[in-house]
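Protein chains in written order, with my numbering: chain A, 1 to 431; chain B, 1001 to 1253.
It cannot be assumed that every hint is accurate.
[Claimed, not checked] SDA-like cross-link-like pairs, simulated, lysine to any residue; straight-line CA separation at most 20 Å:
hint: 1; chain 1: A; residue 1: K391; chain 2: B; residue 2: M1070
hint: 2; chain 1: A; residue 1: K391; chain 2: B; residue 2: G1079
hint: 3; chain 1: A; residue 1: K391; chain 2: B; residue 2: K1100
hint: 4; chain 1: A; residue 1: K391; chain 2: B; residue 2: L1068
hint: 5; chain 1: A; residue 1: K391; chain 2: B; residue 2: N1097
hint: 6; chain 1: A; residue 1: K288; chain 2: A; residue 2: E357
hint: 7; chain 1: A; residue 1: K119; chain 2: A; residue 2: E29
[What the hints assert, rightly or not] Now the in silico label distances, taken between C-beta atoms and shown as ranges:
hint: 8; chain 1: B; residue 1: N1014; chain 2: A; residue 2: V412; range: 53 to 61 Å
hint: 9; chain 1: A; residue 1: R330; chain 2: B; residue 2: G1013; range: 37 to 45 Å
hint: 10; chain 1: A; residue 1: E413; chain 2: B; residue 2: K1221; range: 26 to 34 Å
hint: 11; chain 1: B; residue 1: T1193; chain 2: A; residue 2: N162; range: 30 to 38 Å
Please keep in mind that the hints were generated in silico from the structure rather than gathered at the bench.
Heads up, the beta-carbon is just placed ideally off N, CA and C, and yes, glycines get one too.
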Amino acid sequence: MEVLQETKDMTAKEQFLSHFDTQDFSFDESFSIEKREEAKKIIEDLSFPTSKDEYWKYTRTNRIVKGKYSISIPENEMELDLAIPSKNCIVLVNGYYSPELSFIESAEGILFSSLSKAKSSNEMVQKHFGSLTKKDEIFAMINTAYHQDGAVLHLGKNVQANEVYYIINLIDDDHILSNPRNFIFMEQGSNAKVVLKTINSSNTGTFTNMVTEVFVEKNAQLEINKVQDESESSFQIATEQIVQANDSTFKINTFTLSGNIVRNNLNIDSLGKNTMTYLNGLYPLKGKQHVDNHSYLLHREPNCESHELYKGILNDQSTGVFNGKVFVHREAQKTNAFQSNANIVMSDTATINSKPELEIYADDVKCSHGSTTGQLDDEALFYLRARGLSKESARAVLVNAFASDVIEQIGVEAIKDEIKQFIDDNYQGIK
Amino acid sequence: MIKIENLHASIDGNEILKGINLEVKAGEVHAIMGPNGSGKSTLANVLAGRDEYKVSEGSVIFLGEDLLDMEPEDRSRAGLFLAFQYPVEIPGVSNINFLKTAINEAREKKGLKPMSAKDFLRRVKEKSKLVELGGRLANRSVNEGFSGGEKKRNEIFQMAMLEPKLSILDETDSGLDIDALRIVANGVNELKTKDNASIVITHYQRLLDYIIPDFVHVLYKGKIVKTGPKELALELEEKGYDWIIQEQETIST
Ligand SMILES: Nc1ncnc2c1ncn2[C@@H]1O[C@H](COP(=O)(O)OP(=O)(O)O)[C@@H](O)[C@H]1O
Ligand SMILES: [Mg+2]
């Protein structure tokens, strides 16, 4: 009786945080323990967002934070029938590093390892870990305080990666709560492509709260392909914090294929001159999925260029949110910033909230933004059917065509094929 | 080939077709003429299966089957082809790839193996020569950025690729200069056999200098009000439609 009473009096935050009581981080490096303690202090003064918070206006976190979760290292992970690459691949299971499922090749000038290992040996991690993480965001702070493990990719000066690096977080038990944490550091002139993928073999209301910090130094190039393919009942909040120095190129393609509630917080700080930034996203939604893409791109210096293209295909009762902000600082003359969000709404009960925003304080810039929402073109559908394509193929063809410019942005062939296949499989079957 | 009886169709509650009767036999070419707004495109679209148009009365038998009961794709697979008056631009959809899908889906329905890539390409090459499109089709999206004439030639190209039994050409000649007109007409004539047929919708006589019809029908206010031999087209060219309209109004009063 007493226990029940106590539970009732706990606030939602206390209750959520009590999930972490069983976790012991005493093994961690001291600099990291300090960060954890600092984050815990900060969390005391933060609360979960409500509909009154502009930043979270369209995404309720109630259902996420009120969930009952467990935190566990899986025991039996060998029976997996999942397509996991057998090369340059770090697999986290339920947020923990899995040496059995991971494949790490050594290459000159490249560190690819678990975060826990890198913390003890990698200078960049020791120096910069946590430095980009926003202190006013409760989910990011929770990750800092309670992260289990993650992946680190660090490329030395002028190192060109010939292979694609895969970071996979697999959820493999019921009601799992995990805080995976990744760290990518691209030294001057280096070049790499990364796949950051979340998958889930359990359909039981899990919550993945992932944070990835990314440093792209002078003249370096990085492409991240983020594939979110958990389950019909999974929750995910994914935060990426990126800084870009002079002459660097950063590209991130976000594909949200599954998930009950998915929230992406993508924050790019373009610190340098002459940077190129590409942000692309595709969210083909069905059922009651709710996917919220928030992006914030800050242009601080002159002569930078950014291209943002997000596309949504909304079926059934799904909800999409696009909120993309590009901020052009007073100093950032000659900025070219282009932002666009396009949506196809396939049913009367699907909704999209689209808010592209430009905030410009420089006067010599070329910027544009736009948002379109419509249905599949009936005339085109009829034209294709009149040539003998079934209704299903005609739809698939048109959806593919709509998605094609985002898909073409993918620089990793295997992922390109996977996304194309996903569209084909899902849009042949729709009424 | 096709037998249309007492066909009535409406859109948004307005009756456009008011009892069409028409029979086309294998090997025949029928021209349908008539002033703008008389319902020519409506007839073509109803036959192709556009579901915005509601059929309230009548029947259409195509090769022994109830056409009105079929989905647009099944009509196409059964051998009906419509060359659109206004071909749609479809960005991002490859002109060649979608035809390949269409042809192979139709073959699958008939229990045939998919056409090999080699055979398909050979056919593309041969048929695009017919309408003098050459290499201009490859790698392009359906009708995207095509000139008016290219769009119409692309319709005939697709017709050639699909080898239909009955082709309905809806004003394929309008907007074409004389060279393009000849190319299109040549294409149609090349494809003519004793086993297929076409319905050529036009409101100029000049196309009929190249495609010689067996019958000319005049459609007016949703009805076929006059049918005659190919000379009727010349008479219409000379005298316009007024005399037929007058004739028609005398009858109805
Ligand atoms: N989609 C439509 N919605 C409303 N009215 C239409 C539509 N299509 C055709 N009509 C009307 O039907 C009549 C016949 O049009 P149409 O068949 O295009 O004539 P034609 O091809 O002979 O010029 C016209 O009065 C036209 O306004
Ligand atoms: Mg017309």
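Each hint tested on the structure:
no.	hint	in the structure
1	A:K391 / B:M1070	13 Å, holds
2	A:K391 / B:G1079	17 Å, holds
3	A:K391 / B:K1100	16 Å, holds
4	A:K391 / B:L1068	17 Å, holds
5	A:K391 / B:N1097	16 Å, holds
6	A:K288 / A:E357	27 Å, violated
7	A:K119 / A:E29	7 Å, holds
8	B:N1014 / A:V412: 53 to 61 Å	54 Å, holds
9	A:R330 / B:G1013: 37 to 45 Å	60 Å, violated
10	A:E413 / B:K1221: 26 to 34 Å	59 Å, violated
11	B:T1193 / A:N162: 30 to 38 Å	58 Å, violated
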